[in-house]
Amino acid sequence: MTTTRRNLFKLAGGAAAGSLLTPAPWRLITDTALLSENWPGVPRPKRGEVSYRFGNCALCTAGCAVRARCVAGQPVALAGVEAHPLSRGALCTYGIAGHHLPYHPARLRQGPVAEASAAVQSAIRTLRPNEHCAVLDLRPGRTASWTYRRAMASVRNGMYLASESNTAVDLASAKTVLSLGVPVLDGWGTPGNVWALRGGFHLIQAEPVESRTAVMADLWLPIRAGSEAALLDAVRGGSASDAAAQTGLSEQQIASLARELRENGPSLVLDRNGASPMIARREAPVPEEWKKAVPATQLASVSEESIRVLLIDESMPGEYLPWSAIQPKLTSDCVVVSFAWSKEGYGRQARFTLPAAVYPEVVDDIPPAIDSPAAMFRLAAALVAPPEGMVSPTGFIAGLAGIDAKNALQERVAAIQKSGRGSVFDPSGAAKPADLWKALQAGATWIDDREPRASVISTQIASPLADDKNRSSAPLAIAFSEPRAAALVSPLMSKVTNESGLRLGTHGVAIHPSDARGAGLAEGSRARLETASGFVTVDISVDDTVPPGVIQVGGGPDLQNVCGANRRGRVVAL
Amino acid sequence: MKLPKSITAIVPFVAGVLLALAAGWTAFPRAIYRAQRQPVNFSHRVHADKAGQKCDDCHSFRADGTFAGVPTLDKCSGCHAVPMGNTAEEKAFIDRYVTPGREPQWLVYARQPENVYFSHITHVKLAGMKCETCHGNEGATDGLRAYQEDRVSGYSRDVFRSMKMDDCVDCHRRQGMDHSCLDCHK
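Protein chains in written order, with the numbering used here: chain A, 1 to 574; chain B, 1001 to 1186.
Excised from the complex, chain A in its bound form (with noise of 0.2 Å):
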């Protein structure tokens, strides 16, 4: 045998196919793999001394309480307080996972600070006399929120644009619930409260999808898509056999439905935008200078074309008004600047975003959640520092009327503290302390008395929206079954509320298969939902419980901006 080329092609061949039958490659893989994690840039967990830190989380009105594992001052793991006397140790997957949200890849960190301070200031000094400066709050009921209203009572033609925050359910009274597509048991109010009082309530579940909610209520009514305000008609003593036609139920569930509503009492009817009966929660007290403000005013009632300024506070998550809804009431050369985590929401809309600081980077108090009849004051914690670049969207807004709302949050717990109402609950153990602020900055938690004869609120809800008869352009019925998700989702937990299929996820939306093929559209295929206040690309599931005409989306907010006010839509593939 010479040495020839070939030969030493066979040899090296016959080398390499042998070297797959022993331990070298597969541990130089293994190996190289695990070298890249020490690199130069890799970041690395601090090493020290692990401390524990109490905090609520930010991330919904629900508030749970917080306690958060830090080694050498880094958060590294949250988890719940199961002492608190609301949220009782629970935290759902975006709060779990919520320190990760400063390292979020989509987080915005920077903006046109100057450029947008510049044009809204331009825009406020040359405002016409039927021209409006408003501040819309996406969150309600802070002490951030007063500082907008007083803000605007300063500014020209200011205006507070909010929905509603001072009332609440009383679940715990409730013995009978009636559901028109709320997510009760995924997500809604306090989940905490809610698994906690879920023994004292017959839950009705009605919407037109089987959701989580429907598979552990007490019974899932299987109501048409949009029909929800001939049933809640039925039950107030309408016409069974007209709900009957529209819901697609019999007269006798509906019969049944109203007699255990009106002896199984009291009883709670939750729709998606209120419910009855709501009654009416006190805030937590403030100081008396900042009752000059100007009050909380909604959308609708605004006049077209009149407001010049808009100013959105997204910097907390809160509920998403369509912009459809927003546009009208805009003037043509509205300067519109948005305080956002990231380019979701109201970023793809507004002439200015400017970068806010996430959760947990900054002190916020947060509101109570719906489920809570007494009113609450607690702290979100600063765990980490924001970095640079973030704008206050209080500090704007108060610069803008030049007033010093550095110690808001201060303030206010001095003006609770004065009152001496409630009670504290502080995650150390102290039943009173004698430092309120200093409680509250370590966790603790305000809770109001329950006034003795709240008022009940009477609500509209359940009404049938305008669209509901343009079918033939939008031959899909909407249903949301999915609750709301925050704007960013950590990284890790996105594998699990996006990718994987258990959630529909912040742009998922869920057909019929006759639907799908009717579409031209496959499972994971990407396509346009259109509805009457726009459009946004979505991404299909093909499931055949969801019935046939009707698309079930999911919680993103610019689902919730397309399809909040709307009932119908259509897909379209891309």
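Since the hints were derived computationally from the structure, they do not count as laboratory data. The beta carbon of each residue, even a glycine, is placed where N, CA and C say it ideally should be. A hint or two may mislead.
Derived DSS-like pairs: lysine-lysine, alpha-carbon spacing no greater than 27 Å straight-line [said to hold, decoys possible]:
hint, chain 1, residue 1, chain 2, residue 2
1, A, K495, B, K1164
2, B, K1075, B, K1054
3, A, K46, B, K1005
Covered, in the sense of this in silico footprint (three residues per stretch, anywhere, with C-beta under 8 Å from a C-beta of chain B), are these stretches of chain A [to be verified]:
hint, region
4, 23-30
5, 43-55
6, 198-205
Computed spacing ranges between beta-carbons, pair by pair [claimed, not checked]:
hint, chain 1, residue 1, chain 2, residue 2, range
7, B, I1121, A, A522, 47 to 55 Å
8, A, P25, B, A1081, 49 to 57 Å
9, B, G1139, A, P25, 35 to 43 Å
10, A, R109, B, D1178, 52 to 60 Å
11, A, L20, B, T1122, 33 to 41 Å
12, B, G1052, A, Q74, 39 to 47 Å
13, A, V215, B, K1125, 35 to 43 Å
Knowing the structure of chain A, use the given hints to seat chain B on it.
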């Protein structure tokens, strides 16, 4: 005797396979690891037998529940401020570390990556596991074996033997315990 052409044609290939197998199974394991000596040839057996010590006398839990791991010098100098025996090893230890107050730089066989969170107290106190289950019968050894460091990744050979993630997951499955990403990767 001349071999058939079909045989001679594959000889180089087969030779390559055999060479690779030999190299991969004998030379590679020797080459990939670099043996490093521990700073002190500590005898667990002597301390267990003569001093009557148990694992947790030195490898203890602090008051807050965290695990102390490898003890610091003050634990050793509590007894070895002066020689307790007559071995050269002890004398060298006192001269090099105790007297100048210098911490020995122990090489930890079970060192895990930075992204791993392991709670000793959960496994020892809650699950009732014995130290030997994961760490072997170190308490009976007369000296410390060489720390075999993987030249590429820098981790100990012991981790690859019995402390990889798969080993932890397998044990959790056998015990019927839940396990999820966040349990160990905070």
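* Asked: Quick check: which numbered hints come out false for this structure?
  -> 3, 6, 10
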